[in-house]
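Number of protein chains: 2
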Amino acid sequence: MSVKWTSVLLLVLLNSFHSVSCGKVLVWPTEYSHWINMKTILDELAQRDHEVTVLVSSSSVFINAKKSPVIKFEVYLTSLTKDDVDDLLMDIIKKWIYESPKDSFWAYFSHMQENFRRYYDYIEKLCRDVVLNKELIKKLQASRFDVLLADGVSPCGELVAELLKIPFVYSLHLTPGHTVEKYSGGLPSPPSYVPVGFSELTDQMTFMERVKNMIYTLYFDFWFQACDLKKWDLFYSQVLGKPTTLLDTMKKAEIWLIQNYWDFKFPRPLLPNFHFVGGLHCKPAKPLPKEIEDFVQSSGKHGVVVFSLGSTVSNMPEDRANVIASALAQIPQKVIWRFDGKKPDSLGPNTQLYKWIPQNDLLGHPKTKAFITHGGANGVYEAIYHGIPMVGIPLFADQHENIALMKAKGAAVRLDFRTMSSTDLLNALKTVTDNPLYKENAMRLSRIQHDQPVKPLDRAVFWIEFVMRHKGAKHLRVAAHDLTWFQYHSLDVIGFLLACAATVIFIISKCCLFCWQKFAKRGKKKKQE
Amino acid sequence: MSVKWTSVLLLVLLNSFHSVSCGKVLVWPTEYSHWINMKTILDELAQRDHEVTVLVSSSSVFINAKKSPVIKFEVYLTSLTKDDVDDLLMDIIKKWIYESPKDSFWAYFSHMQENFRRYYDYIEKLCRDVVLNKELIKKLQASRFDVLLADGVSPCGELVAELLKIPFVYSLHLTPGHTVEKYSGGLPSPPSYVPVGFSELTDQMTFMERVKNMIYTLYFDFWFQACDLKKWDLFYSQVLGKPTTLLDTMKKAEIWLIQNYWDFKFPRPLLPNFHFVGGLHCKPAKPLPKEIEDFVQSSGKHGVVVFSLGSTVSNMPEDRANVIASALAQIPQKVIWRFDGKKPDSLGPNTQLYKWIPQNDLLGHPKTKAFITHGGANGVYEAIYHGIPMVGIPLFADQHENIALMKAKGAAVRLDFRTMSSTDLLNALKTVTDNPLYKENAMRLSRIQHDQPVKPLDRAVFWIEFVMRHKGAKHLRVAAHDLTWFQYHSLDVIGFLLACAATVIFIISKCCLFCWQKFAKRGKKKKQE
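Those protein sequence lines, which keep their order, are chains A and B.
Its first residue numbered 1, the first sequence is counted upward by one per residue in the numbering used here.
Its first residue numbered 1, the second sequence is counted upward by one per residue in the numbering used here.
The reader is advised that the hints may include incorrect statements.
Think about it this way: if two alpha-carbon atoms lie no more than 25 Å apart in a straight line, the pair counts; the simulated SDA-like pairs of lysine to any residue are [as the list claims (entries may be wrong)]: (1) A:251 with B:271; (2) A:474 with B:441; (3) A:252 with B:272; (4) A:182 with B:47; (5) A:471 with B:408; (6) B:212 with A:492; (7) A:212 with B:47; (8) B:455 with A:475; (9) B:212 with A:483; (10) A:474 with B:453; (11) B:182 with A:447; (12) B:474 with A:206; (13) A:471 with B:407; (14) A:251 with B:452; (15) B:407 with A:302; (16) B:212 with A:475; (17) A:409 with B:482; (18) B:455 with A:453; (19) B:182 with A:494; (20) B:212 with A:67; (21) B:455 with A:447; (22) B:212 with A:485; (23) B:252 with A:190; (24) B:474 with A:497; (25) A:251 with B:497; (26) A:474 with B:252; (27) A:283 with B:452; (28) A:212 with B:497; (29) A:474 with B:121; (30) B:182 with A:476; (31) A:409 with B:487; (32) A:251 with B:204; (33) A:182 with B:455; (34) A:474 with B:204; (35) A:251 with B:453; (36) A:471 with B:439; (37) B:474 with A:459; (38) A:455 with B:47.
Hint data in this document are derived by calculation from the structure and do not stem from the laboratory.
Could you put together the complete structure from these sequences and hints?
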């Protein structure tokens, strides 16, 4: 009888743990590829009977266009128009691709900094339109959400969560210098073996590379502190009605879902509330549309090359398109190119242009031999998942870093978009298709990606549900968050111990001096006597 | 057709990932509770059709007595007898319990150090008997094992793995000052918020506690370096026929299975190849033997208290037994006491003595109200699993630390075995049974333990199988292992940058001085003119 009771109790307990019937999730998203990635999590949450509501501005360019039928959208009004946002984001991206200085890292970083500043100004506008909209906040409060899922690259999610008094979870791929992960998440990043984000270094650094990594670390730390943090701190303090800072608010995140894993990144220290769920959007290939399938099959034993520059860049200047097209015309493979510009004159008969391609299904096709990619994290992960070697032509944001990583892992050849010639591209394609090492390395990464105790998507959803079930995950939060920077580095303790040691040495030497003087005096007296 | 092919390929790929048919596992175990814990993993591996072989000495006290029918045992001869080992281990334990100094931490640690020294001398003897036994090593080599699972607390497993040229995995709970985890595993342990192992501190430290933690860190670091490491280094170099060290050999571990989790420990930085699988031996309660069940049921609404001092200590001096028995006689609960000594005179009618008890089944019984425990990690985890508050009477090894942690988490009251009175024990029992906070906290820890994406045992087995499938897990290994201590802390880089800065300042000031002198000279000349 008693044993039955235990079993019943245990079952009830376990059931109550492993389901949150109809949890309510509020979402603070980011445009473009970030949205594609996050939507995978949201669709899965909706599949599991949670009510998912996405806060989206009336000016959203991409999210509105790629809505999901199972997700609710709370559209808030903003003074910006769609054209404003499209112009701004496209201008930032174009400047990054075509105008960022190439000759010096510092000039490049400084240009990148300006891009970020413009982006954050835009996010701040959106944020004001949400948190100062009393009616909207009241409506959201009345909805009694269980958790907020925020894209960590765009501030404001944590502020909305604070206003609604609900726990929040971040989804994040990478920030320059790992500054957000470090200063908001408490993630340790020793510069001796953790190459900082955007440094394009590997974990096997020479002495001079470690010097470089240290300088980058200091640079990004300084940049981050010099960012308009004070403006955000003031804004957050005003909205919350108490003195606070952006970082202190971000530090309250229960869980960080980091969109990479050890097939993509180099292994590094992590924290119990950091879960590396990279590639969660990857899935087995579905059948291709008939037209594409026929084209693919027509490639024979040579197979196909898939080419896409991502969801934001579907066009390019004519000269670049011709350089690329003429290289593609010379390879034995058939090419499927996602391109929405004027058909290049040098386009070969082996190359087909498409405005949109089923990228994941193509990468999972057995005839696919290589992937020419801009190096967006989503695309790179699809290539890893299906074990396809890459030719990387990074354009902006973290793409240079992603391709540098794939190159270091022996699964990609890297080219420069602005300067590469047809021969460069041709050679790169020949290398990744003819040298079996690239395929082997891509397959090794694929095995790592597939062979995890729990699928990344299930892990991401598990931790969001965990936060809903337990109203947080405080047991995973390190105490580092409660320390100042000098306490964190034990500088006060080291100072105290050094002061103690100095005092002891001082007292001992004074005593010795005193004794010696007494002894010397006595000796003198004795001599005089 | 092609899509079918993809699916077939993917299935084959996935199947090949997720099963290692008949992998061969060699085991380097440790006696007593360590063996109980490891046996759970080995039984599970055997259940999954792996061939498990345990290297056990002819003098083993506990492992031989607690063999498993599904595991093979490779018994090697040693010059020690069972009595030698039993006497040695019991003498170490008794000295730790009854003779370790109480008045000063330093005297206690120094006493503990002597206990460890004696233990490691014994392990070294066993190790020599294995690795210098050429016939045994030849036999093991011929068996072509896929992986070696070693208890990290007793060196030698890594040496055997090196001789057999197979990857190895550690199972480990905790070492003093986290020294092994730090120096062999590369685990970062910032002293500002990670209380070092055996310090009995929490992660919420005052300034003086942080000073204490820093001093402990330095002390244990010094202790570890001052241990007879050189002796081991020489031994390992001789056996492997190349200059090497114990630490360098240990650093090659593919995976560290750490026997705790964030319900037991405070959150801290970890590494991708450290998997926290505490409580993997816990399981739902089975029905009790009829006699015990009848006794438990006779307790009525008051319920029962379970009392055990673990697998190594089943007896105690008469005066201590009487102090305990008279306290137990005064509580309204019935008491089940695992005790193998002379029946205490003060034993109450509510207390039943047993030479052995089904501890996990009792802790999972709905009538169990509290657990009096010595604080062994296995027992504490069973209490956590079933949500039972504890009265901790730590005796030796990590037990003081374990009980300090449970006390800090509000799930235990701590007593001192050598000095506690009947009233102390009575009050402690009243506190944990009458104050609902203790039960609530124990249940909170239980919820954390139950609510994980994968059960700890499955996670442990997954990573051992992973190492077998992929012949290692190099992608999880941080590059910190390839750095010297000053490189790890970037001291060479900092030194270089400071030297550069000093040179620049020197040159600038020299230039300024030169210009100033020139300017001054000219001025003087002009004046003279």
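Each hint, compared with the structure:
1. A:251 with B:271: Judged against 25 Å, a Cα distance of about 21 Å means the pair holds.
2. A:474 with B:441: holds, 14 Å
3. A:252 with B:272: holds, 24 Å
4. A:182 with B:47: Judged against 25 Å, a Cα distance of about 43 Å means the pair is violated.
5. A:471 with B:408: holds, 22 Å
6. B:212 with A:492: Status holds; Cα separation ~13 Å.
7. A:212 with B:47: violated, 51 Å
8. B:455 with A:475: Status holds; Cα separation ~18 Å.
9. B:212 with A:483: This hinted pair holds, its Cα atoms lying about 17 Å apart.
10. A:474 with B:453: This hinted pair holds, its Cα atoms lying about 17 Å apart.
11. B:182 with A:447: Roughly 29 Å separates the two Cα atoms, so the pair is violated.
12. B:474 with A:206: holds, 20 Å
13. A:471 with B:407: holds, 24 Å
14. A:251 with B:452: Judged against 25 Å, a Cα distance of about 23 Å means the pair holds.
15. B:407 with A:302: violated, 67 Å
16. B:212 with A:475: holds, 24 Å
17. A:409 with B:482: The given pair, whose Cα atoms are some 18 Å apart, holds under the 25 Å limit.
18. B:455 with A:453: holds, 10 Å
19. B:182 with A:494: holds, 20 Å
20. B:212 with A:67: The given pair, whose Cα atoms are some 56 Å apart, is violated under the 25 Å limit.
21. B:455 with A:447: holds, 23 Å
22. B:212 with A:485: Status holds; Cα separation ~19 Å.
23. B:252 with A:190: holds, 21 Å
24. B:474 with A:497: violated, 40 Å
25. A:251 with B:497: Violated. Residue 251 of chain A to residue 497 of chain B sits at ~32 Å, over the 25 Å cutoff.
26. A:474 with B:252: The given pair, whose Cα atoms are some 34 Å apart, is violated under the 25 Å limit.
27. A:283 with B:452: Measuring from Cα to Cα gives roughly 24 Å; hence the hint holds.
28. A:212 with B:497: Roughly 10 Å separates the two Cα atoms, so the pair holds.
29. A:474 with B:121: violated, 43 Å
30. B:182 with A:476: Answer holds: residue 182 of chain B to residue 476 of chain A is near 21 Å, not above 25 Å.
31. A:409 with B:487: Since the Cα atoms of residue 409 of chain A and residue 487 of chain B sit roughly 24 Å apart, the hinted pair holds (cutoff 25 Å).
32. A:251 with B:204: holds, 17 Å
33. A:182 with B:455: violated, 30 Å
34. A:474 with B:204: holds, 14 Å
35. A:251 with B:453: holds, 24 Å
36. A:471 with B:439: Since the Cα atoms of residue 471 of chain A and residue 439 of chain B sit roughly 20 Å apart, the hinted pair holds (cutoff 25 Å).
37. B:474 with A:459: holds, 23 Å
38. A:455 with B:47: holds, 24 Å
Of the numbered hints given earlier, the model fails hints 4, 7, 11, 15, 20, 24, 25, 26, 29, 33; all others are met.
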